[in-house]
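Novice: Taken in order, these protein sequences are the chains called A and B.
Residues in the first sequence are numbered consecutively from 118, following this note's numbering.
Residues in the second sequence are numbered consecutively from 4, following this note's numbering.
In short, the hints are calculated from the structure, not lab data.
Careful: at least some of the hints might be erroneous.
Residues from chain A that face chain B, not an exhaustive set, calculated with beta carbons under 10 angstroms [said to hold, decoys possible]:
no.	residue
1	S146
2	R149
3	N150
4	A153
5	T154
6	Y156
7	S160
Taking CB as the label site, the calculated pair distances span [as the list claims (entries may be wrong)]:
no.	chain 1	residue 1	chain 2	residue 2	range
8	B	E228	A	T154	15 to 23 angstroms
9	B	P613	A	R148	36 to 44 angstroms
10	A	T154	B	R229	15 to 23 angstroms
11	A	A153	B	R229	17 to 25 angstroms
12	A	R148	B	A124	50 to 58 angstroms
13	B	R573	A	A153	51 to 59 angstroms
14	A	R148	B	P235	17 to 25 angstroms
15	B	G272	A	A153	36 to 44 angstroms
16	A	T154	B	G329	24 to 32 angstroms
17	B	P266	A	R148	27 to 35 angstroms
18	A	A153	B	V253	27 to 35 angstroms
Just so we're clear, the structure is a prediction, and the values are computed from it rather than from any experiment.
C-beta atoms are modelled at their ideal positions from N, C-alpha and C, and glycine is treated no differently.
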Amino acid sequence: MTDVLLFITYFLVATPIGLARRLINDPLSRRRNRRATTYWTVSDRRG
Amino acid sequence: MPDLVLGISAFYHDSAAALVRDGVPVAAAQEERFSRMRHDSSFPAQAVRYCLEELGVSLSDVTAVAYYEDPRLKFRRVLATLIGAAPTGVTSFRETLPSWLRDGGKLRAVEVVRRELEALARGAVPEIAVRRHHESHAASAFFPSPYPSAAVLCVDGVGEWATTTLWHGRGTALTPLSEIRFPHSLGLLYSAFTYFCGFKVDSGEYKLMGLAPYGKPRYADLIRERLIDVMPDGSFHMNMRYFEYLRGQVMTGRAFERLFDGPRRPPEGLLTEREFDLAASVQEVTEEVMLRLARTAQERTGESKLCLAGGVALNCVANGKIVDSGIFDEVWIQPAAGDAGGALGAALAVAMERGATRDHVGSGRDAMSGALLGPAFDDTQIAAFLRSNEIPHRRLEPGRMVDDVAAALADGKIVGWFQDRMEFGPRALGARSILGDARDPVMQSAMNLKIKFRESFRPFAPAVLAADAKDYFDLRQESPYMLVVAQVAAARRIPVIETEETGIDLLRLQRSTIPAVTHVDGSARVQTVTAESNPAYHELLTAFKARTGCPVLVNTSFNVRGEPIVNSLRDAYTCFMRTNIDMLAMGSFLLDKSEQPAWSEESDWRAEIPLD
Numbered sequence: 118m119t120d121v122l123l124f125i126t127y128f129l130v131a132t133p134i135g136l137a138r139r140l141i142n143d144p145l146s147r148r149r150n151r152r153a154t155t156y157w158t159v160s161d162r163r164g
Numbered sequence: 004m005p006d007l008v009l010g011i012s013a014f015y016h017d018s019a020a021a022l023v024r025d026g027v028p029v030a031a032a033q034e035e036r037f038s039r040m041r042h043d044s045s046f047p048a049q050a051v052r053y054c055l056e057e058l059g060v061s062l063s064d065v066t067a068v069a070y071y072e073d074p075r076l077k078f079r080r081v082l083a084t085l086i087g088a089a090p091t092g093v094t095s096f097r098e099t100l101p102s103w104l105r106d107g108g109k110l111r112a113v114e115v116v117r118r119e120l121e122a123l124a125r126g127a128v129p130e131i132a133v134r135r136h137h138e139s140h141a142a143s144a145f146f147p148s149p150y151p152s153a154a155v156l157c158v159d160g161v162g163e164w165a166t167t168t169l170w171h172g173r174g175t176a177l178t179p180l181s182e183i184r185f186p187h188s189l190g191l192l193y194s195a196f197t198y199f200c201g202f203k204v205d206s207g208e209y210k211l212m213g214l215a216p217y218g219k220p221r222y223a224d225l226i227r228e229r230l231i232d233v234m235p236d237g238s239f240h241m242n243m244r245y246f247e248y249l250r251g252q253v254m255t256g257r258a259f260e261r262l263f264d265g266p267r268r269p270p271e272g273l274l275t276e277r278e279f280d281l282a283a284s285v286q287e288v289t290e291e292v293m294l295r296l297a298r299t300a301q302e303r304t305g306e307s308k309l310c311l312a313g314g315v316a317l318n319c320v321a322n323g324k325i326v327d328s329g330i331f332d333e334v335w336i337q338p339a340a341g342d343a344g345g346a347l348g349a350a351l352a353v354a355m356e357r358g359a360t361r362d363h364v365g366s367g368r369d370a371m372s373g374a375l376l377g378p379a380f381d382d383t384q385i386a387a388f389l390r391s392n393e394i395p396h397r398r399l400e401p402g403r404m405v406d407d408v409a410a411a412l413a414d415g416k417i418v419g420w421f422q423d424r425m426e427f428g429p430r431a432l433g434a435r436s437i438l439g440d441a442r443d444p445v446m447q448s449a450m451n452l453k454i455k456f457r458e459s460f461r462p463f464a465p466a467v468l469a470a471d472a473k474d475y476f477d478l479r480q481e482s483p484y485m486l487v488v489a490q491v492a493a494a495r496r497i498p499v500i501e502t503e504e505t506g507i508d509l510l511r512l513q514r515s516t517i518p519a520v521t522h523v524d525g526s527a528r529v530q531t532v533t534a535e536s537n538p539a540y541h542e543l544l545t546a547f548k549a550r551t552g553c554p555v556l557v558n559t560s561f562n563v564r565g566e567p568i569v570n571s572l573r574d575a576y577t578c579f580m581r582t583n584i585d586m587l588a589m590g591s592f593l594l595d596k597s598e599q600p601a602w603s604e605e606s607d608w609r610a611e612i613p614l615d
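Chain A with its partners taken away, still in its complex shape (with noise of 0.2 angstroms):
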């Protein structure tokens, strides 16, 4: 029963994080790039 649970717990838990993980990359840019000279960036459109 235990190891079901687990199963479950696992597909259902680490699944989404780990899409989500995916999906992201950092879009936020929280880790800060240590040899970047300019934190512009061009913009792609209006504004």
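Following the hints, position chain B against chain A.
Specialist: Just chain B now, kept in the frame of chain A:
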């Protein structure tokens, strides 16, 4: 056939409506002035109705509606934030998502705008265009400015993704150059300190700015080391470990408390030296970033003029530093630099695309009509109001009225001044103002306690005849919208011997011949007044100068603390009667407090108006 575009901002802070005719702003107002709810974020139905009525048109006459930000793009950022914060952000997730996804929620903002406009039953609703948040700011900063071309810098909390944007404005076009994205935001940095010092986010930032001159920037290095990494070009990266706004509904958490010597100051709690110093520190860092951003703007565009908008452009101390630096010959700041101005900007952006021209360029004037874009009341309406409410008053000839008010002011009286069209933007500019003698050493504390019923550390601001401004202030250019701070001129300063005064007691020391408007560091947030921008106000200042030799008056907004600036005649009379204002000048009518019947209200209005 005039081309009318209606701009709308709504659902976050400072809902507003603005009407642009052939590229020229002709009517604009914030909803809060009508609903009497400060920073009202609901759909600006009354403001829209006002704009249409001002021009005598219906929605069928309007060619396009422009909404000031992109809800779908914003939602993607909100979602990315919530997912990125998992699993710790689950409460925020649960609280935030429904407000977006429900029927009529924030994701469907454009649908809601359409529905609300239809509900006004003022004609057929035209197509609704969407303009991005920072584009709306940039348009509000550049298109009404007097310049044929300019660098444009918009700095705020956050729009959809962008928090800081740089543009090149030329003719009727705006070219985006670069941006900094959420969560890295100068506005949110300032808001974090606002929150930590016990003030309300989005409305308390200017209080923090007013507190800064009392402190020493002893935390500035810590801020630069741990909170925000600033590049020489002004771009920056924030260390999100210290901020809570990605995870939760507050700005700062325990890491911030550990860094800054203890828990946040509770709202309305005692102000200590730590808060003064935190304010001074974040202000110093903000100014440094703004100056570097300005320099980058100049280098990237090669322009000699700068246009500013976005909430951080309301930091008039930083604006003053930019002006003083000489990086640009001249700086123009949109009076409605916050989100209310987004309504105007979105409308202007659409108007320019539809072929409007900027005819005012080359005249040296801007296209904001002195920011007097709201409702006015003529003498017939005022007379009717006074008569039907049996309010004692005197009707005077225009010249006589100005003289009587000038005499009263010179006599130390406090006068409510209600003239012309209401201002658009957060500042009162001599249309809905409370005025006093700037030379009076007790005026500052009198106005604070008897009119505004507010904390006494906050200074008042001067209005001065534009032609005489340089005699009183070290100002390199005009400041028509009270968005630039300058030092009081040396000739007016009085040397002060500071003994043991600290904190708020510093305010009582007289530092100049215009003490009511001089801050503890000798600075003032100046409004320069020309006859063209506001004729009645200019006449009053001229009459006051003729009488006293001084062309400077205290100008504070006509409202009690916590309520929006007065809009209607009733709002004005109510504020007049609730406070210790001595006289009220409305149109050609003068009301004397001593002649008024006793004022009573059913409930305690002071308990009803939420503290700001």
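Novice: Given the hint of 51 to 59 angstroms, is the C-beta distance from R573 of chain B to A153 of chain A inside that range or not?
Specialist: Check passed, 57 angstroms falls within 51 to 59 angstroms.
Novice: Quick check on N150 of chain A please, does its C-beta sit within 10 angstroms of some C-beta on chain B?
Specialist: Holds, about 8 angstroms.
Novice: Given a cut of 10 angstroms on the nearest C-beta pair, is the interface hint for A153 of chain A held or broken against chain B?
Specialist: holds, 8 angstroms
Novice: Looking only at beta-carbon atoms, does the pair G272 of chain B, A153 of chain A fall within the given range of 36 to 44 angstroms?
Specialist: holds, 40 angstroms
Novice: For the pair T154 of chain A and R229 of chain B, does the Cβ-Cβ distance stay inside 15 to 23 angstroms?
Specialist: holds, 21 angstroms
Novice: Please check whether T154 of chain A and G329 of chain B have a Cβ separation lying inside 24 to 32 angstroms.
Specialist: holds, 26 angstroms
Novice: Does T154 of chain A hold up as a contact with chain B if the rule is Cβ-Cβ below 10 angstroms?
Specialist: Given a least distance of 7 angstroms, the restraint on T154 of chain A holds.
Novice: Just to be careful: measuring from the Cβ of Y156 of chain A to every Cβ in chain B, is the smallest value less than 10 angstroms?
Specialist: holds, 4 angstroms
Novice: Would the hint on S160 of chain A stand, with a C-beta cut-off of 10 angstroms toward chain B?
Specialist: holds, 4 angstroms
Novice: A closest beta-carbon separation below 10 angstroms is what the hint needs, so does R149 of chain A meet it against chain B?
Specialist: holds, 5 angstroms
Novice: If you take the shortest Cβ to Cβ gap from S146 of chain A to chain B, is it below 10 angstroms?
Specialist: Since chain B brings a Cβ to about 7 angstroms from S146 of chain A, closer than 10 angstroms, the hint holds.
Novice: A153 of chain A and R229 of chain B, beta-carbon distance inside 17 to 25 angstroms?
Specialist: The hinted range 17 to 25 angstroms holds for A153 of chain A and R229 of chain B, with Cβ atoms some 18 angstroms apart.
The structure shown violates none of the earlier numbered hints.
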